[in-house]
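Can you make the complete structure from the sequences, with help from the hints?
Residue numbers (the numbering used here), protein chains in the order written: chain Z, 1 to 165; chain E, 166 to 797; chain F, 798 to 1286; chain L, 1287 to 1772; chain U, 1773 to 1871.
Among the hints, erroneous ones may be present.
To give an idea of the interface, some chain Z residues facing chain L are shown, with a C-beta separation under 10 Å as derived from the structure [said to hold, decoys possible]:
(1) 16
(2) 20
(3) 59
(4) 108
(5) 111
(6) 114
(7) 116
(8) 117
(9) 136
(10) 137
(11) 155
(12) 161
What follows is a list of derived Cβ distance ranges for each label pair [to be verified]:
(13) L:1556 x Z:106: 50 to 58 Å
(14) F:851 x E:357: 28 to 36 Å
(15) L:1477 x F:857: 23 to 31 Å
(16) F:950 x E:773: 16 to 24 Å
(17) F:1072 x E:518: 58 to 66 Å
(18) E:172 x F:1282: 37 to 45 Å
(19) E:357 x F:1282: 36 to 44 Å
(20) L:1747 x E:172: 58 to 66 Å
To list a few chain E residues with every Cβ distance to chain Z over 10 Å, as calculated [to be verified]:
(21) 567
(22) 641
(23) 780
For the record, the hints were derived by calculation from the structure and aren't laboratory data.
We treat Cβ as the ideally placed atom computed from N, Cα and C, and that holds for glycine.
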Amino acid sequence: MNTAAVPLAILSALVLVGALWVVTLHNLFRAALSLGLVFLGIAGLFICLGAEFLALVQLLIYVGAILVLIIFAIMLTNSWQRETLPASRQRLPAALAALALFALLARATWVLAWPAQIPGGATRLKDLGLVLVKTLVLPFEVISLIFVVVVVGAIAVAAPRKGQS
Amino acid sequence: MIMPQLALIPAFPLAAFAILILAGRHLGRWSAWLAIVALAAALGLTLTIWHAPFAGQPLIFQWTWLIGSQPWLLGLRVDGLSWIMLVVVTSIGSLIACYSTGYMHGDPRYSRFFAYFSLFCAAMLGLALADNLLLLFICWELMGLCSYLLISFWFEKPSAAAAGRKAFLTTRVGDVGLFAGILCLAWVPHGSLQFAALPVVAQQVATPTLTLISLLIFMGAVGKSAQFPLHVWLPDAMEGPTPVSALIHAATMVAAGVYLIARTFPLFTPASLHVVLTIGLITHVFAGTIALTMTDIKRVLAYSTLSQLGLMVVAMGIGAWPAAMFHLVTHAYFKALLFLAAGSVIHATHEQELSKLGGLARTMPITSTVFLIASLSMSGLVGLSGFWSKDAILLAARHYAPWLFWVLLGGAGMTTAYIARLYLRCFYGAAAPHHGHAPHESPAIMSLPLVALAVGAALVGWIGSPGFSPFFTLLGVHEAHGFDLPVAALSTLALAVGSTVAWIVGFRRRNLLPAFLRPAGLALYRLAAHKYYVDELYQRLLIHPVWALGGLLSTFDRVVVDGAVNGSGRVGAWASEVQAWIDREILDRCVNAIGTTTRGLGRVMRWIQTGMVQHYLLMAVIAVVVLAVTVR
Amino acid sequence: MLLTGLLLLPLIGLLVILALPKTAVTAIRSVALLATGAVLLLSILLLGAFRSEVAAMQFVAQLPWIPQLNVSYHVGIDGISLPMVLLTAILSFLACLGSFSIHERHKEYFALYLLLVIGMMGTFLALDLFLFYIFWELVLVPMYFLIGIWGGGRREYSAFKFFVYTLAGSLAMLLAILALYWHASPRTFDMVELARQGHAIPLALQRLLFLGFFLGFAVKVPVFPFHTWLPDAHVDAPTPGSVLLAGVLLKMGGYGFFRLAYPFCPDAAWEFRWVLAALGAINIVYGAFVALAQTDFKKLVAYSSVSHMGFVLLGLASFTPEGMQGALLQMFSHGLLTGGMFLLVGVLYDRTHTRELSAFGGLGARVPRYAGLLIFFSLGSLGLPGLSGFVAEFLTLVGAFQVPEIRWPTVLSLIGIVLAAAYMLKVIQLVLLGPLNKKWQALQDLTLREWLSLAPLVVLVLLIGIYPLGLLHVQEASLQQLIYHVTGR
Amino acid sequence: MGLVLGESLRAWWPEACLGLGSLLAVLLSAFVPAKTVRAVAWAALAASALALWRTTAPTPTDIFYGVIVCDALGLAFRWLALGTVALVLLMVVGAREIEEAYRGEAIGLLLFVGFGLLLLSEANHLLMAYLALELVSLGSYLLVGFLPQRRSAEAALKYLLFGALASGVMLFGMSLLFGLTGELSFPALASSLAGIGSPMREAALLAALLMLVGVAFKISMVPFHLWTPDVYEGAPVAVTAFLSVGPKVAGLALLLRLCEVLQPLWPALAPMVLGLTVLTMTLGNLAALTQTNVKRLLAYSTIAQVGYLLIGFVVQTPAGLQALIVYLTAYLFMNLGLFACVQALVNDTGQESLTVFQGLYRRAPWLALSTALFLLSLAGLPPLFGFIGKFMLFDAAIQTGQGWLAIAAILNSAMAVYYYVNIIRLMYAAPTGATTALRPCLGLRVAAGVCVAAVLGLGLWPSPLLARVQARLSVEGRAYSAIIRP
Amino acid sequence: MAVRTLVLLAEALFCLGVYGLLTRRHAVGLLLSIELILNAAALNFVLFSRVFDQVAAQAFTLFIIALAACEAVVGLAIIIRLTRTAQTIYADEATVLKG
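Structural data, given as structure tokens:
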């Protein structure tokens, strides 16, 4: 095991544990915080994979925006939560299904001839920018349209209507 | 010889029918005369062509009716046999028509009566003229229809309506036999429906087949000529107006069966003739005994008709078809006369129950006289028509088998007994109390035909008497039978005995039986008086089962066929229609199970849709896993 | 052109009616009458111009329609379709007269009625299989609405049942059509061409095709046990609907055998003839027995149709000139007779609002003209010689009897003849004979309009009964050709 | 670079118009009344249609650096998508259940989703496909949840969750596929997959399967259809109408393109898709038999119809493709027409149970007649357009020797007759509730009228359409060259 | 550490997300699970972009992150709607629509 693998292993463990907590912790607030842990781990992995810019975006948008939004939502809907709620009844079948899925995926990918080492090097930000304004210019424009419309639409949907509190 | 004018003979009455049915209402009394004129014209036309049959040259007129793998011809043909029938039908028909103008006077459906009457005559003439079985069958069926229409002419009376239906259905059973016979005859190798070809056919077709065919044809005759066991309709047919009874149910139509046998005689094999003989004999005796016990004038006459028809069939069965035809002719005259006279009585008294009649000889002398003549003719008094024809049959029977001769002789005695009983009780004895009005002689328009018929009934037999026999010449039988003295004497003896018994037992009401036989006699009498319970038997064994089967099948149709399709376990009307649909697809009897499965599947689909989104998600994930496992 | 006229005339009538205001009842009626009358006239012209010695299609018109699917507008007639065209024209005209007794929603009614006429006509004229199927299904919709809106009793149920049954059946036929289209080379819907290729189809496929066609037609005819829609639909349909239903729609099934099933799968048809014969005999006897037990006038007539259509199957199964002639003639004759019967039932129902046989009695004296006609048509139905039914049944039986394989079914079906007399006489007795039911003291006899709608049927029934040769000549050549095509004889 | 963009834009005007129109509509909706938004929407649609009309792209061209492909297949699907949006727009305008205050947003969202449909049907790149799919989905989630009722929110949540799972699975599949090939654009993927070896092949198959799940969800293919009835029932009628056609159109387009990409893997996938096709129509019909809510019933009917449509896909022949397009056209008109009628009814009664149809004939004969027409067309009755399409589909199946597929489809059609005609039966039965005349608003009348004209007109005279479809789709073009095998 | 392991990690993340989606009852909890799934895919893309040296795949990840944000927004809007109308925050209590 070389030295480069150590941070990867730690980050992987962080991500896995965080993800496990996200889906199993009874307290939703803690689960959300665990998700933050996952995000952090992923961002770390991105750095290890030479995608520093992406790691930055991951932290900014995921941790800075989405997670905050979610935690906000949890607190907002706090009044609807019940303290004693039995866990879902389909945990066992769900676990079996997820495990089966994992088994399938793992079996399919494990046997493949992947490169033994992750190729080194880092993505230059300029390349990424070039891709975004050249090859992927159209998706880039489209997603901005999506942002606008989704926000307006979400407001329209979430806004209180007549006769409702 | 080709002669298209032949078609005119039935066409006259047919035209009369058409006019009457369309415009009869406006013709009023003239409608009767239209019918009479049409018949008379047919008679005239028949008479003008007399030379051809006598010369042995048939007149023929044929045309194509249907096409298939071969043309199906229809044709008219006049030979001796048919010419005789034509004369009988037209002459008796026109006389009865005259009589009916008086008898039916004042009836609301006066013209309708004559329309049917004309149609009947047309059909009967067509039947006589037919040169093949197909046209014969067509006319045969038309006559059945007329019979139906005329029997239920006074349809307001439920019994009349029922009688009409009974007649039609019963004869139709026979007709189906005839029809099947025709089908067989048409398609056996070398088969043909032409009468002229029948002798050839008979030689070329195997005997068992021929027996089958002839028996099927005989089945038709049994129906139409009211032979046992299809005789039940004829007595009921007396519900119709009396002239109808006279013409159709005594003189002509019922004789068509006999005529049919005569026409197709070459087809009959010894085996089938044996059956014919048996049936004829049974009918003859059995109807005679019933006639002895009946108390309704017309019913006595009806059973007597049955009996006489049985006699003719017996003659056919022993191969003496000319004799049978001869008896047919004489019977036509005297039976028509008997019926008309009876009608005259009924017309005068509005009564036909023997117990309420009597002593009419004084008030109705003409009727009484002609009735007597006809009775004697039927009983076979030497010199009268009936004697000659019955004599011919007895003679033939003696040649055939002595025992048959004795049976027939007994039958002759029985004939005399019932007719004498009828005559005596009707015209002699104490006059019955009258209801409202005194009986009187019928008007001239009715009595004149009676007189004319009486002449016929007395004399027509001479045409077939030994020595002078144009009748047999016409039929192409040249060895005329001689006069056999013993037979004549014996039949006269039978007449004497019969009339004496009738006088003592029937009229004077003496029971001649020794005491120990009386219960048995009474039982026999009851049996005969109830017509041997044949009607009841049919009701129980045939009619009820058929109706029950109909009802059963109807229920079956509703419940099982439709229900199998609809699903008997219906939850809601529409849910079951789902099944209806499925079942149709599967075409299976045990479709219910499948229908339930369908709805079950539908329900499973509903059950899957729990509304819990995570159930859906779980199912989707499982589906992914399953698909991933299967896709390789 | 003549044939296109047969389709265009009702279409024009339909459009005119749609353009007319709802309230112009008289105008609507006259337009419908004119349109159907013109169709009748045209079909009579057609009869005059028809050359009966020609077995092939005549008056053929062909135009490309959907060239991408090899579908064309292709119409023509031969001796098999001409009688059906005539029957359709006659009955639609007379039933149109009969439709004057409809007293609500005239516009919709007559529009649908003319649509129905187009569908029926087209079915008998089409020479393109695709076109045939379109017309075949086109008939369903207007008939559904005629029953569902203007019917009586459980009309929705009956209309629904009718629709679902027949559509399910015709989907089976569609499958057969598709398979045929697939197998044909070159791919074509031309029925003449497909018939020519008939023997080239492997027997196994022919069997399947025949089964598909059979299912489609069996529901229409209807063949036991697919008949259960029929009594319901007939009973609840309005009178003109029943007339066309029994008079024409059932014939479409029979016609399908002549035009589709036999020519396209000749060997399978030959193989299955005993099945057809057996089903025919069952139809005849079973239908008659069930009819015997009915107490509803219309239902009785409906079941009598089941029985009578059995003869068509029997004749079809025989493959003899007589049998086939008889089957075709029976379709024509039954159309006339049942049409008349249903009109008569309708007349009575209009006046008394009941169809229960036991509710009548003794009407013979009260309404003599009506009685006369009822007796006439009943006699025709029970196969009285001299009327059309006899000729048809006689030919059918004679034809079927000569084929040894199907002789026993034929003999069995003779029972049906007796039973036919039984149920028809039952009708006459219960309705006309006996003492007059006091309720109907003031019953009115036939009106002029009713007379007019019935009289032509009477004339035709008589004409065919007495002189069937005319129609038989028309049919002969084409039937001979068909028999030759199937049997090689 | 400027040159590329300029050329690309020239071929991309329809999408640009629609996209800008939706942006404008959404932004304006907060400030101006719905009427103005409506006008903007119509203008955008008209401009888009005009642009599409002028687009003649018989030869496939890659635009925007290969992210988008312009070809005949895309052209057909774009027309279909545009038609859907136009007809649904009429319904949204006429829908009484959508509050007037939010109608502008609804219109904007509709255009937005329409834009997504156009993108989806011409995507030529994994990212584009994913983006367009998400675009359509996000807009649809919002539209479904547009009503103030609880059921609407519920439906939206279900749709969102199911959609998120599906798109997540799809995305993961994409990432795996990318990991196996290193390519993102479709043509490159296809050529890369063509030479794939054994262990890779299994993994690629799994990745393909995961990707197909996303599409299957969009087109409600069994077993990924479970959301359909619930969502359809909860959504506003107009949105249901849209969902029943729009995503199916675009989803099928994507399916066709993916299929081309996955061509080397197709032999392994074919039996599965075939089985699911039959399962889709059968289960859809079976479940529809027992429904009592119109929209729910139509949801199942949609599932069944998708099953028929998939026949055109699974047979993998030019004839099948043509049949698919033709039937899709027919389905568009008959289904949207039917929904327009349902919208009119719901506007009037506020109820959605089947009983609202009862006695409709007495209240609105023309409406009843058109409803009947659409139902009959859906049931596949000639001479309506639905029949022509079905006929071609079945024919395509039989042509490839898959007669049993045609048999299954026909059995299904027969089963479907029951519930379609049942509605007709109800309409012509005696009314139970209100008996006053019902007069739908102008928009709905126009929508229904257009659909009636199309269903009847194209049924009687399909030749021009068929000729066009045949001419365009028989050309050996790149986008479908692989699935058109001789 | 090999690529293989990281792929396995992404797969595990994905399956955990799926498990969460199937078992979480709280609607917001479901949103969390969705984010897990998306992150798994994003991780894959970044990893493979390194493997194949494809910058476009990294851009893909950018889009995923952006769309995740959009999805969260829409999801929250719908959840707020649900709490308003259904008075619940639990996904399995939204069962008005069924059958």
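Evaluated hints:
1. Because the beta carbon of residue 16 (chain Z) sits about 17 Å from the nearest beta carbon in chain L, more than 10 Å, this interface hint is broken.
2. Evaluation of the residue 20 (chain Z) hint against chain L yields a violated restraint, the C-beta minimum of about 18 Å exceeding 10 Å.
3. Annotation: interface hint on residue 59 (chain Z) violated; nearest CB of chain L at approximately 21 Å, more than 10 Å.
4. Because the smallest distance between the Cβ of residue 108 (chain Z) and any Cβ of chain L comes to about 4 Å, under 10 Å, the interface hint for this residue holds.
5. With 10 Å as the threshold, the beta carbon of residue 111 (chain Z) comes within range of chain L, its nearest partner Cβ sitting at about 5 Å, so the hint holds.
6. For residue 114 (chain Z), the shortest C-beta to C-beta distance to chain L is roughly 9 Å, which falls under 10 Å, so the interface hint holds.
7. A distance limit of 10 Å between C-beta atoms decides the matter here; for residue 116 (chain Z) the minimum to chain L is near 15 Å, and the interface restraint is violated.
8. For residue 117 (chain Z), the interface hint is violated, since its Cβ never comes within 10 Å of a Cβ in chain L; the closest pair sits about 16 Å apart.
9. Hint on residue 136 (chain Z) holds. Least Cβ distance to chain L is approximately 7 Å, under the 10 Å limit.
10. Given the 10 Å rule on beta carbons, the hint for residue 137 (chain Z) holds: about 7 Å separates it from the nearest Cβ of chain L.
11. Given the 10 Å rule on beta carbons, the hint for residue 155 (chain Z) holds: about 8 Å separates it from the nearest Cβ of chain L.
12. Contact between residue 161 (chain Z) and chain L, as hinted, is supported at the beta carbon level, the nearest pair being about 4 Å apart and thus within 10 Å.
13. At roughly 26 Å, the beta-carbon separation of residue 1556 (chain L) and residue 106 (chain Z) lies outside the given 50 to 58 Å, and the hint is violated.
14. For residue 851 (chain F) and residue 357 (chain E), the Cβ-Cβ distance of about 32 Å falls inside the hinted range of 28 to 36 Å, so the restraint holds.
15. Taking the beta carbon of each, residue 1477 (chain L) and residue 857 (chain F) are about 55 Å apart, not inside 23 to 31 Å as hinted.
16. Between residue 950 (chain F) and residue 773 (chain E) the CB atoms are about 39 Å apart, so this pair departs from the stated range of 16 to 24 Å.
17. A hinted range of 58 to 66 Å for the beta carbons of residue 1072 (chain F) and residue 518 (chain E) is consistent with their spacing of about 59 Å.
18. Take residue 172 (chain E) and residue 1282 (chain F): their Cβ atoms lie about 40 Å apart, and the range 37 to 45 Å holds.
19. Between residue 357 (chain E) and residue 1282 (chain F) the CB atoms are about 30 Å apart, so this pair departs from the stated range of 36 to 44 Å.
20. At roughly 59 Å, the beta-carbon separation of residue 1747 (chain L) and residue 172 (chain E) lies within the given 58 to 66 Å, and the hint holds.
21. For residue 567 (chain E), the condition that its CB be more than 10 Å from all CB atoms of chain Z holds, with the nearest at approximately 104 Å.
22. With 10 Å as the threshold on Cβ separation, the claim that residue 641 (chain E) sits away from chain Z holds: the shortest Cβ distance comes to roughly 103 Å.
23. The non-interface label for residue 780 (chain E) is inconsistent with chain Z: the shortest C-beta to C-beta separation is roughly 7 Å, within 10 Å.
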